[in-house]
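Residue numbers (my numbering), protein chains in the order written: chain A, 1 to 207; chain B, 1 to 207.
A couple of the hints might just be wrong.
Since the list gives no way to pick out one identical chain from another, each pair is judged satisfied if it fits inside one copy or across any two copies.
Stated by the list, open to error - Calculated pairs, BS3-like style, for lysine-lysine (alpha carbon to alpha carbon, straight line, at most 30 Å):
no.	residue 1	residue 2
1	K179	K66
2	K56	K66
3	K179	K142
4	K56	K142
5	K56	K179
If you're looking for bench data, these hints aren't it; they were derived computationally from the structure.
2 protein chains.
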Amino acid sequence: MDTSGWTAAPARTASLRRRGAVLERAILDAALEQLGTVGWNGLTMEGVAAGAQTGKAAVYRRWPSKEDLVADALQAGLPRLDAAPDRGSVRSDLIVLCTQARDAMFSRPGFALRSVIHECDHAQAERFHAVIVEGVVEPTIKLLREVIEHGIERGEVRPDGVNGYVLDAIPAMMMYRSKMCASEWTDRDIEEMIDQLMVPLLRPHGG
Amino acid sequence: MDTSGWTAAPARTASLRRRGAVLERAILDAALEQLGTVGWNGLTMEGVAAGAQTGKAAVYRRWPSKEDLVADALQAGLPRLDAAPDRGSVRSDLIVLCTQARDAMFSRPGFALRSVIHECDHAQAERFHAVIVEGVVEPTIKLLREVIEHGIERGEVRPDGVNGYVLDAIPAMMMYRSKMCASEWTDRDIEEMIDQLMVPLLRPHGG
Numbered sequence: 001m002d003t004s005g006w007t008a009a010p011a012r013t014a015s016l017r018r019r020g021a022v023l024e025r026a027i028l029d030a031a032l033e034q035l036g037t038v039g040w041n042g043l044t045m046e047g048v049a050a051g052a053q054t055g056k057a058a059v060y061r062r063w064p065s066k067e068d069l070v071a072d073a074l075q076a077g078l079p080r081l082d083a084a085p086d087r088g089s090v091r092s093d094l095i096v097l098c099t100q101a102r103d104a105m106f107s108r109p110g111f112a113l114r115s116v117i118h119e120c121d122h123a124q125a126e127r128f129h130a131v132i133v134e135g136v137v138e139p140t141i142k143l144l145r146e147v148i149e150h151g152i153e154r155g156e157v158r159p160d161g162v163n164g165y166v167l168d169a170i171p172a173m174m175m176y177r178s179k180m181c182a183s184e185w186t187d188r189d190i191e192e193m194i195d196q197l198m199v200p201l202l203r204p205h206g207g
Numbered sequence: 001m002d003t004s005g006w007t008a009a010p011a012r013t014a015s016l017r018r019r020g021a022v023l024e025r026a027i028l029d030a031a032l033e034q035l036g037t038v039g040w041n042g043l044t045m046e047g048v049a050a051g052a053q054t055g056k057a058a059v060y061r062r063w064p065s066k067e068d069l070v071a072d073a074l075q076a077g078l079p080r081l082d083a084a085p086d087r088g089s090v091r092s093d094l095i096v097l098c099t100q101a102r103d104a105m106f107s108r109p110g111f112a113l114r115s116v117i118h119e120c121d122h123a124q125a126e127r128f129h130a131v132i133v134e135g136v137v138e139p140t141i142k143l144l145r146e147v148i149e150h151g152i153e154r155g156e157v158r159p160d161g162v163n164g165y166v167l168d169a170i171p172a173m174m175m176y177r178s179k180m181c182a183s184e185w186t187d188r189d190i191e192e193m194i195d196q197l198m199v200p201l202l203r204p205h206g207g
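Turn these sequences into a full structure, and let the hints guide you.
Encoded structure:
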């Protein structure tokens, strides 16, 4: 993108009278851009201001620290997971849902989140960890519950098929294999997991 | 235990003519003891030698670096997971196996391993991570396979009940909930996971 923003900013500021949400969005985008190029340790409030073609004060007015800014930028950049798929079968719905979760994990903010967690100190890591939980894990579990309940209504899933262990199985498996086997969760991997783990786990007993 | 070992060592050395495996065991125990008291950053080869009431040369002769010594001490200290339980039902066998894996995770070397991974740098962390994989994860999966195959022979488990996703389900869930919910995997948690996740996953379809 525009890597000359730092030096070019003063000349352009006059023509960029952005306020409120528009300016905020530009700052958050610039923060993500910086994370991708210079990482957590290299990112500065000055650099972000320059990238967003605004002044440092405009950044500090909204975010008192680099940590606050980065947490918001990552959260805002993650793909939304807010509507349960409804393709007519629990198998198809689970595949769509896992694909969305995988796409969030491997989105630009998803990658940035994981590298930030490696770079920053323990207390900061806790905070960014919460961004993953609130931005990806919890929404995925909420939608999983809807998809499985929908399957129970259709008689496709055993009546006692929703419990905490069943709901955690997909996030647990995705996290475990990403970490332990560096799995990138291809479409094929997702389909295999649904067919070999979730379908047998959910189907009616004796059905 | 003997925290005065450092100053007392020279006087006692003469009466402690240990060699080979006995001396090695004393050094590895002293390394674990040091990890528990001063952590990875505080541990020194001198401190370990003092704790084992031997000389620094005896330590360096066997382990060229602190990293090598600590990796061996952790590996040697983990409880062995080498015999598959055989209690007559897949449910009981899985409970025994998970309990053993939990006890290894929460053993003194298991705790030390996790805190070392937090303290040390990235390349070292990879190495200690491998100690967890080789010392706990892989042995658990090997025994899980035996337990499930045994269940298939008895007709308790569906014939296609062994695959990579099924075998990874328990380690994935144990790692995920330890990390995400700080679960300590009480006996009750283990029993619930087996009853709500593994039994429905493994039982014969229509059986």
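Up to 30 Å CA-CA - K66 versus K56, copy category:
Answer is within; shortest intra-copy Cα gap is 12 Å, inter-copy 46 Å.
Up to 30 Å CA-CA - K66 versus K179, copy category
Cα proximity of K179 and K66: in one copy and across copies (27 Å, 26 Å).
Up to 30 Å CA-CA - K142 versus K179, copy category:
both (23 Å within a copy, 19 Å between copies)
Within a copy, between copies, both or neither: where do K56 and K179 come within 30 Å Cα-Cα?
This pair counts as neither: shortest intra-copy Cα distance 37 Å, inter-copy 37 Å.
Is the C-alpha distance from K56 to K142 at most 30 Å within one copy, between copies, in both cases, or in neither?
neither (39 Å within a copy, 57 Å between copies)
When held up to the earlier numbered hints, the structure conflicts with 4 and 5 and fits the remainder.
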